[in-house]
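Model the full structure from these sequences, guided by the hints.
There are 2 protein chains.
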Amino acid sequence: MERLENYYNQIKNSPVFFGMNDEELKGLLECFNARVRKYEKDEIIIRQGDIISNIYLILKGDVNIEKDSYWGRRIIIARLSKNDNLALSFVGSKNVESNIDAVTVSDTVVLILGYEKCTSMCQNACTRHKILINNLFQILSKENIELIQKIENVSQKTIRDKLLTYLSNEAQKKHSNSFEIKFNRQDLADYLNVDRSAMSFELSKLQKEGLIEYNKNKFELRS
Amino acid sequence: MERLENYYNQIKNSPVFFGMNDEELKGLLECFNARVRKYEKDEIIIRQGDIISNIYLILKGDVNIEKDSYWGRRIIIARLSKNDNLALSFVGSKNVESNIDAVTVSDTVVLILGYEKCTSMCQNACTRHKILINNLFQILSKENIELIQKIENVSQKTIRDKLLTYLSNEAQKKHSNSFEIKFNRQDLADYLNVDRSAMSFELSKLQKEGLIEYNKNKFELRS
DNA sequence: TACTTTTTGTTGTATAAACAACAGAAATGT
DNA sequence: ACATTTCTGTTGTTTATACAACAAAAAGTA
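So the protein sequences, as listed, match chains A and B.
For the first sequence, my numbering begins at 1 and goes up steadily by one.
For the second sequence, my numbering begins at 1 and goes up steadily by one.
In short, the hints are calculated from the structure, not lab data.
Possibly wrong hints are sitting among the right ones.
Identical copies look the same in the list; a pair holds intra-copy or inter-copy alike.
Here are the simulated DMTMM-like cross-link-like pairs (lysine to aspartate or glutamate), alpha carbons at most 20 Å apart as the crow flies [to be verified]: (1) 38 / 107; (2) 67 / 170; (3) 94 / 107; (4) 67 / 161; (5) 216 / 116; (6) 142 / 116; (7) 218 / 24.
As structure tokens, this is what we get:
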């Protein structure tokens with residue numbers, strides 16, 4: 001059984017609670033009926049159709065945001081990890097059903113906050129709530145920008161362009177030409193929305209041409 | 001010259017100012033140095049690389065959110081219209097450059113609010129500011145959900161599936177099997193990320209097969 | 001260590017889409 | 001009303017990708 005206290009420092013430093021002092025944070029965690037929950041690999045945290053009224057903060061592990069298309073083809077919208085939030089936009093849009101699944105990729109620990117209850121109780125009056133909503137606004141902004149970047153990735157017309165766009169963006173995020181990606185080949189293909197084998201083929205072509213080098217999940221962009 | 005007063009009622013009823021009384025709204029407009037600006041067709045309101053510190057609210061007209069890909073191919077991320085906001089996520093993420101263009105599709109009127117100035121002045125203290133940030137959080141949530149839906153649209157593997165997914169989503173939004181879309185063919189193709197002529201061909205095939213009927217921009221889904 | 005399962009890379013073939021070029025329709029301007 | 005421009009639909013050809021089937025490598029298990 002995981003205890004909240006084990007993660008206290010991490011929680012305190014997460015973007016959700018940025019700018020709060022200990023007192024405010026502790027008050028908030030109580031007000032929100034904060035609890036920690038553990039999931040195993042391949043468990044579903046959120047399902048399409050769920051109504052979300054909790055804030056989910058990943059404390060440990062990796063989670064796929066997925067969507068199953070009409071004929072069961074899987075689309076990976078995003079890969080989230082430590083300090084990321086799940087389905088925050090459905091907390092903001094009340095009574096809107098989730099249009100995504102959140103599926104664990106590894107053993108995962110999540111902090112869950114009962115958003116609804118607290119906001120109706122304190123009427124947004126307390127300082128900590130003001131800080132929180134400001135933070136949530138900023139977090140959602142970032143998510144938004146990343147979704148736009150993902151749209152850019154999948155909107156390239158060839159597999160080659162999708163790969164190069166994706167890898168360049170990753171290099172930029174990591175501030176280095178050499179970096180590790182979190183996707184395995186199948187997941188990357190589902191993220192870029194292409195066939196895995198065709199993508200593998202294109203990857204080795206890019207390597208042969210000297211544009212990139214890779215070994216398993218370590219990639220390097222060559223000038 | 002357009003005057004703010006001409007749009008006062010519309011502004012009052014927009015999602016940005018939802019839940020405010022006249023006094024709060026007027027105070028806010030003043031505090032934000034609200035002004036109205038007119039754009040002609042094909043003008044660029046926001047450019048990639050801009051730092052955004054204003055809130056933009058469309059009062060009249062239509063605006064494309066676009067991105068130019070590496071070799072000048074155009075991607076349409078979204079088509080916005082009356083009561084929608086432009087680039088709100090870049091207001092939330094300070095000092096992040098816009099990664100999109102906002103381009104008018106017709107003559108357009110926009111309300112501009114100097115977000116930065118006001119928030120630094122009033123320190124989030126006033127009631128109206130609390131209402132505002134709550135509203136912005138909800139608006140951003142909706143945008144987020146729509147971006148995910150767009151990802152679903154463009155992630156279909158065939159033109160046919162993209163069209164059917166898009167048209168079904170539109171029908172659902174309009175609560176009717178018969179509806180009008182705002183895109184012309186080229187824009188729709190850029191939105192779905194396919195070749196226009198191939199898309200035209202697929203549309204008429206769908207019509208011949210009896211799945212849809214259309215005339216110009218009016219579409220009907222047949223069971 | 002040997003065995004099984006999962007992941008990744010390779011190839012050939014069928015298929016769908018991009019592209020180019022054009023014609024007709026619709027909209028716009030004079 | 002006419003000319004001009006923009007938009008839409010159609011077709012043939014080229015090209016890239018999905019798909020299937022398999023081999024090799026890596027990871028996991030007994």
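Checked hints:
Proximity of residue 38 and residue 107 under a CA criterion of 20 Å is satisfied intra-copy only: 8 Å inside one chain copy versus 53 Å between copies. With identical chains, the CA atoms of residue 67 and residue 170 are at most 20 Å apart between copies only, with a shortest distance of 19 Å across copies and 23 Å within one. For the homomeric pair residue 94 and residue 107, neither the shortest alpha-carbon distance inside one copy (29 Å) nor that between copies (34 Å) is at most 20 Å. Only between protomers do residue 67 and residue 161 lie at most 20 Å apart by alpha-carbon distance; the minimum there is 15 Å, versus 23 Å within a single protomer.
In this homomeric assembly, residue 216 and residue 116 never come within 20 Å of each other (Cα to Cα): the closest approach is 44 Å inside a single copy and 45 Å across copies. For a Cα distance limit of 20 Å, the shortest separation of residue 142 from residue 116 across copies, 18 Å, qualifies, whereas the shortest one inside one copy, 23 Å, does not. Taking identical chains as interchangeable, the C-alpha atoms of residue 218 and residue 24 are never at most 20 Å apart, the minima being 41 Å within one chain and 54 Å between chains.
This entry does not satisfy hints 3, 5, 7, going by the numbered hints stated previously.
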